[in-house]
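Trainee: The chain contents come next:
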Amino acid sequence: MTELSRIRNFSIVAHIDHGKSTLADRLIQSTNTVSEREMKEQLLDAMDIERERGITIKANTVRIEYIADDGELYVLNLIDTPGHVDFAYEVSRSMRAVEGSLLVVDSTQGVEAQTLANVYQAIEADHEIVPVLNKIDLPAADCERVAEQIEDVIGIDASDALRVSAKSGIGIKETLEAIVTRLPAPGGDAAAPLKAMLVDSWYDAYLGVVVLIRVMDGVIRKGDRIVMMGTGGKYPVERLGVFRPAMQNVDELGPGEIGFFTASIKQVRDTRVGDTITHEKKGADKPLPGFKPSVPVVFCGLFPVDSAEFEDLRSAIEKLALNDASFSYEMETSAALGFGFRCGFLGLLHLEVIRDRLEREYDIELITTAPSVVYHLFMKDGSQTELHNPADMPDPSIVSHVEEPRIKATIMVPDEYLGDVLKLCQDRRGIQLDLTYAGSRAMVVYDLPLNEVVFDFYDRLKSVTKGYASFDYQMEGYREDNLVKMQILVNDEPVDALSMMVHRDRAEMRGRAMCEKLKDLIPRHMFKIPIQAAIGGKVIARETLSAMRKDVTAKCYGGDATRKKKLLEKQKAGKKKMRQFGKVEIPQEAFISALKMDE
Amino acid sequence: MAELETWQEAGFGLYLHWPFCAAKCPYCDFNSHVTARIDQRAWTEAYLSELRRAAAETPGRILSTVFFGGGTPSLMQPETVAAILDEVRRLWPMVNDPEITLEANPTSVEAGRFAGYAAAGVNRLSMGVQSLHDEDLRRLGRLHSAAEAMAAFDIARAQFSRVSFDLIYARQGQTLDMWRSELSTALDMAVDHLSLYQLTIEPGTAFGDRFAAGRLRDLPDDDIAADMYEVTQELCDAAGLPAYEVSNHARPGSESRHNRIYWRGGDWVGIGPGAHGRLGLGGTRMATETELSPALWLRKVTETGNGETLRHGLGLTETAEEYLMMSLRLTEGTDLGRLARLGHRLDDTRVAELEEMGLLQRAGTRLRCTAQGRLVLNEILRRLMVD
Numbered sequence: 000m001t002e003l004s005r006i007r008n009f010s011i012v013a014h015i016d017h018g019k020s021t022l023a024d025r026l027i028q029s030t031n032t033v034s035e036r037e038m039k040e041q042l043l044d045a046m047d048i049e050r051e052r053g054i055t056i057k058a059n060t061v062r063i064e065y066i067a068d069d070g071e072l073y074v075l076n077l078i079d080t081p082g083h084v085d086f087a088y089e090v091s092r093s094m095r096a097v098e099g100s101l102l103v104v105d106s107t108q109g110v111e112a113q114t115l116a117n118v119y120q121a122i123e124a125d126h127e128i129v130p131v132l133n134k135i136d137l138p139a140a141d142c143e144r145v146a147e148q149i150e151d152v153i154g155i156d157a158s159d160a161l162r163v164s165a166k167s168g169i170g171i172k173e174t175l176e177a178i179v180t181r182l183p184a185p186g187g188d189a190a191a192p193l194k195a196m197l198v199d200s201w202y203d204a205y206l207g208v209v210v211l212i213r214v215m216d217g218v219i220r221k222g223d224r225i226v227m228m229g230t231g232g233k234y235p236v237e238r239l240g241v242f243r244p245a246m247q248n249v250d251e252l253g254p255g256e257i258g259f260f261t262a263s264i265k266q267v268r269d270t271r272v273g274d275t276i277t278h279e280k281k282g283a284d285k286p287l288p289g290f291k292p293s294v295p296v297v298f299c300g301l302f303p304v305d306s307a308e309f310e311d312l313r314s315a316i317e318k319l320a321l322n323d324a325s326f327s328y329e330m331e332t333s334a335a336l337g338f339g340f341r342c343g344f345l346g347l348l349h350l351e352v353i354r355d356r357l358e359r360e361y362d363i364e365l366i367t368t369a370p371s372v373v374y375h376l377f378m379k380d381g382s383q384t385e386l387h388n389p390a391d392m393p394d395p396s397i398v399s400h401v402e403e404p405r406i407k408a409t410i411m412v413p414d415e416y417l418g419d420v421l422k423l424c425q426d427r428r429g430i431q432l433d434l435t436y437a438g439s440r441a442m443v444v445y446d447l448p449l450n451e452v453v454f455d456f457y458d459r460l461k462s463v464t465k466g467y468a469s470f471d472y473q474m475e476g477y478r479e480d481n482l483v484k485m486q487i488l489v490n491d492e493p494v495d496a497l498s499m500m501v502h503r504d505r506a507e508m509r510g511r512a513m514c515e516k517l518k519d520l521i522p523r524h525m526f527k528i529p530i531q532a533a534i535g536g537k538v539i540a541r542e543t544l545s546a547m548r549k550d551v552t553a554k555c556y557g558g559d560a561t562r563k564k565k566l567l568e569k570q571k572a573g574k575k576k577m578r579q580f581g582k583v584e585i586p587q588e589a590f591i592s593a594l595k596m597d598e
Numbered sequence: 000m001a002e003l004e005t006w007q008e009a010g011f012g013l014y015l016h017w018p019f020c021a022a023k024c025p026y027c028d029f030n031s032h033v034t035a036r037i038d039q040r041a042w043t044e045a046y047l048s049e050l051r052r053a054a055a056e057t058p059g060r061i062l063s064t065v066f067f068g069g070g071t072p073s074l075m076q077p078e079t080v081a082a083i084l085d086e087v088r089r090l091w092p093m094v095n096d097p098e099i100t101l102e103a104n105p106t107s108v109e110a111g112r113f114a115g116y117a118a119a120g121v122n123r124l125s126m127g128v129q130s131l132h133d134e135d136l137r138r139l140g141r142l143h144s145a146a147e148a149m150a151a152f153d154i155a156r157a158q159f160s161r162v163s164f165d166l167i168y169a170r171q172g173q174t175l176d177m178w179r180s181e182l183s184t185a186l187d188m189a190v191d192h193l194s195l196y197q198l199t200i201e202p203g204t205a206f207g208d209r210f211a212a213g214r215l216r217d218l219p220d221d222d223i224a225a226d227m228y229e230v231t232q233e234l235c236d237a238a239g240l241p242a243y244e245v246s247n248h249a250r251p252g253s254e255s256r257h258n259r260i261y262w263r264g265g266d267w268v269g270i271g272p273g274a275h276g277r278l279g280l281g282g283t284r285m286a287t288e289t290e291l292s293p294a295l296w297l298r299k300v301t302e303t304g305n306g307e308t309l310r311h312g313l314g315l316t317e318t319a320e321e322y323l324m325m326s327l328r329l330t331e332g333t334d335l336g337r338l339a340r341l342g343h344r345l346d347d348t349r350v351a352e353l354e355e356m357g358l359l360q361r362a363g364t365r366l367r368c369t370a371q372g373r374l375v376l377n378e379i380l381r382r383l384m385v386d
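If you're matching them up, the sequences are chains A and B in order.
Following numbering that gives the first Met the number 0, the residues of the first sequence are numbered contiguously, the last one being 598.
Following numbering that gives the first Met the number 0, the residues of the second sequence are numbered contiguously, the last one being 386.
You may find that some hints are simply not true.
Stated by the list, open to error - Here are some, though not all, of the chain A residues that point toward chain B, as calculated from beta-carbon distances under 10 Å:
no., residue
1, A191
2, H524
3, R548
4, A553
5, G557
6, K574
What the hints assert, rightly or not - In silico negatives: residues of chain B with every beta carbon more than 10 Å from chain A:
no., residue
7, R36
8, Q39
9, V94
10, D135
11, T199
12, A224
13, L345
14, D347
15, R367
Keep in mind that the hints were calculated from the coordinates and are not lab data.
What you are looking at is a predicted structure, and each value in this text was computed from that prediction instead of being measured.
The beta carbon of each residue, even a glycine, is placed where N, CA and C say it ideally should be.
One chain only, chain A, in its complex shape (with noise of 0.2 Å):
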């Protein structure tokens, strides 16, 4: 156990790329608490999806031990939080195990809006904040704007700034001190009884569960009997340690250390992030407070390509599942997919984390429907049920009215792309509420639908920006507005998986755009295609493939039989592997990119 005044517990708030990694990696260095032979670049982010990210999605923990000018030996608790949105709640958790943050900003760039989110997060949290300007030693580095930016946006004083090249070593030595010096001690009552913060969990092949937990007062020790305040779990604590980042077993861990165990918990999914951890016998009579479970927000559909592919799928997904709580699935079945699951995420970006998975780690090629967020329906005999897919909409006649989730986004970005962004957000229904300069970088926020950000929002700003945006978001909860579904039909039939909820009064233009799409993606048949976008029986949107007039090889003499056989078997093949509507064959790639909207 270590004495209070002798901790320092620390996370580092950075945008992507504004050297977070690094720096976090040189200050385990310095203190030698990894040899160099077992230094491996960028230590904490340990998923390939992470490293080829150069984002960390779940929280990862280091323990330094570090002998100030003080002459006194320091343990430094460093927790590395997830940098996305769409793991916010998570990013709150690790935030209230720590005091203090450091806020590194890449001084060649400037803050960006993915640092402001979590700085906020770190504010709410009342942490010691220690802005430090990083990359000094770039010709780019301008350390005066860049700290008047960090006054100025997030309202911190940046007079102190630490200047440091993380890649270099510049000002690691200063860091550590600033840590020491700057940061406060935890709090903490050895004799109180045990509160613990689970901050997260994950699966280890050898063994099983293991929790990352925080004490906030009293000491849990191996071989104690605990439990777990919200879901109500009992375990016996097999195996308690730390992270330097290897694990290490230690005997005790008292009030403001952060540390591990794993006590035969089977599954991810019985334990959640922010639940308090007790002893089962003179434990707690209250819970630490903000405990909530997470709720996806983004679902679609995931289909097998070859359906033969479905078992493997169920499979891959539910073990998934068993090491991530916050992802949901149940069965779903399409006229024109077959058999796939219907899953709920966090976000975007945890829909792509674990669609990557599948396709990478369990080699299933996978077609994902359009993602959609979840509806409050409010039906005319006064009941409520959520929507998940819009497929399942009910007839709008016994609807009364249906809310929408909508999000606060901010967006930063140079001013000489700003007009191209306002346009975005309004053609996606946005609601500006407040517009800033910082130098030559705008600010702005915007109240969006969630429904008009989840698609390709991201894709489209990035290109209208050439990549210079930066974008955050947080739920802002639901809204009435008048969406209506908007189905899709190929020859007069209904295509389910291209069914949509829209806003009516922007129907008709999305009407226009899929049809526009779907007619350039659905090759020619044989007879001419009409392709409508309608809501209810109305229909609002049309186009026409025409029919396929030429398609012969123009020479084909003996020596050419094999190979223009060949070519057609393969032709043929081919053509299996597109879904059949009817008479109709649509290519997989054509449920998605038909919903991209080139604005």
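Starting from the structure of chain A, add chain B where the hints point.
Mentor: The following block gives chain B in isolation, referenced to the frame of chain A:
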């Protein structure tokens, strides 16, 4: 009635591939090579050796056609052609009026050899004119001008009673009216046969690469190309050269008998680099292939006495579907009796569907494409092929 063998039913021909060209055309995906020096004596010997090998397994068959294809066979010396044809006549009995075709490029140099080919026994010339516009000829990578082609054509007409020429249409920047006028000129010149091909962008060719890179612009779209095809049928019909195959037009009776062997599912010997053959042997239809590379072929023939690299028997379904694929190209269509004899039956529902769409037509024991159907033959075949 005793069953006829395929060579009796649909003819027996000889295809001889000459793989060399003076230049490679950007649209061409045939087995053609540009080389500085050709040892025509060594090549002659190799062809003669291959002829003798082929004759040994086809004794007693009556040969009705010979076709020199390429590459550019008009780069062969007349002596080479004469030596080959002399050996052919020695090895096989021939019909009274054999059709002996040679493909030629219409340059002045090559036209100088036409008399020699005629003397050697060639009685039909197929000329690669491709276009009657100099600018288009340049784009197509051809080495002759339109005027030169016309001059060569006149020489050919003086030497051969049967002369055909090829044109490529649906070219870059070509409009329907431009093609109409070019085809009218061509029909005024035509003797008895025309091959009119829509430009096809084949992968692995210079045009294929350019197309993939988005640098082959102004190609007519499929609708315009289909219009061009229809105009072609109209003008050729009016001029008395109706289509007898997807891209081939002739005065009735002047069809290419050699090529018709392919489309009617007859037998042919294929010799020379990369040549394919089909032979009914012991009740099985054999598919043969030879070494593709000219240098390797020459060495293989010289050293082992056999240029063949592949020989396998086609299964009944394979034979039937190949016959269907080839014969539906012909205006006369497919002999359903022949399919039945191969034990093959088409899916009645699908045939009926295609008939209903106006793409196929059944007349007695024959199944034919309509004019509209012939333009979408690939789709028809994909539907009729066994799943």
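Trainee: Against chain A, does L345 of chain B hold up as non-interface, every C-beta pair farther apart than 10 Å?
Mentor: holds, 15 Å
Trainee: Any CB of chain B closer than 10 Å to the CB of R548 of chain A?
Mentor: holds, 4 Å
Trainee: Would the stated hint for A191 of chain A survive a check requiring a Cβ distance to chain B of less than 10 Å?
Mentor: violated, 72 Å
Trainee: Just to be careful: measuring from the Cβ of G557 of chain A to every Cβ in chain B, is the smallest value less than 10 Å?
Mentor: holds, 4 Å
Trainee: Hey, does T199 of chain B actually stay past 10 Å from chain A on C-beta?
Mentor: Its Cβ does come within 10 Å of chain A, the nearest being 5 Å, so this is violated.
Trainee: Does the nearest C-beta of chain B fall within a distance shorter than 10 Å of the C-beta of H524 of chain A?
Mentor: holds, 8 Å
Trainee: Interface hint check: A553 of chain A, Cβ to nearest Cβ on chain B, cutoff 10 Å. Holds or violated?
Mentor: holds, 4 Å
Trainee: Are all C-beta atoms of chain A more than 10 Å from that of V94 of chain B?
Mentor: holds, 19 Å
Trainee: Using Cβ atoms and 10 Å as the threshold, tell me whether R36 of chain B really stays out of contact range of chain A.
Mentor: Nearest chain A Cβ is 26 Å from R36 of chain B, so the label holds.
Trainee: Closest CB-CB distance from A224 of chain B to chain A, is it above 10 Å?
Mentor: At roughly 5 Å from the nearest Cβ of chain A, A224 of chain B sits no farther out than 10 Å, so the non-interface label is violated.
Trainee: Grab the minimum beta-carbon distance between D135 of chain B and chain A and tell me whether it stays above 10 Å.
Mentor: The claim holds: D135 of chain B sits with its nearest Cβ about 17 Å from chain A, beyond 10 Å.
Trainee: Go through the hint on K574 of chain A and say holds or violated, using the shortest Cβ distance to chain B against 10 Å.
Mentor: This hint holds: K574 of chain A lies near chain B, its Cβ roughly 7 Å from the closest one there, short of 10 Å.
In terms of the numbered hints stated before, the structure departs from hints 1, 11, 12, listed from lowest to highest.
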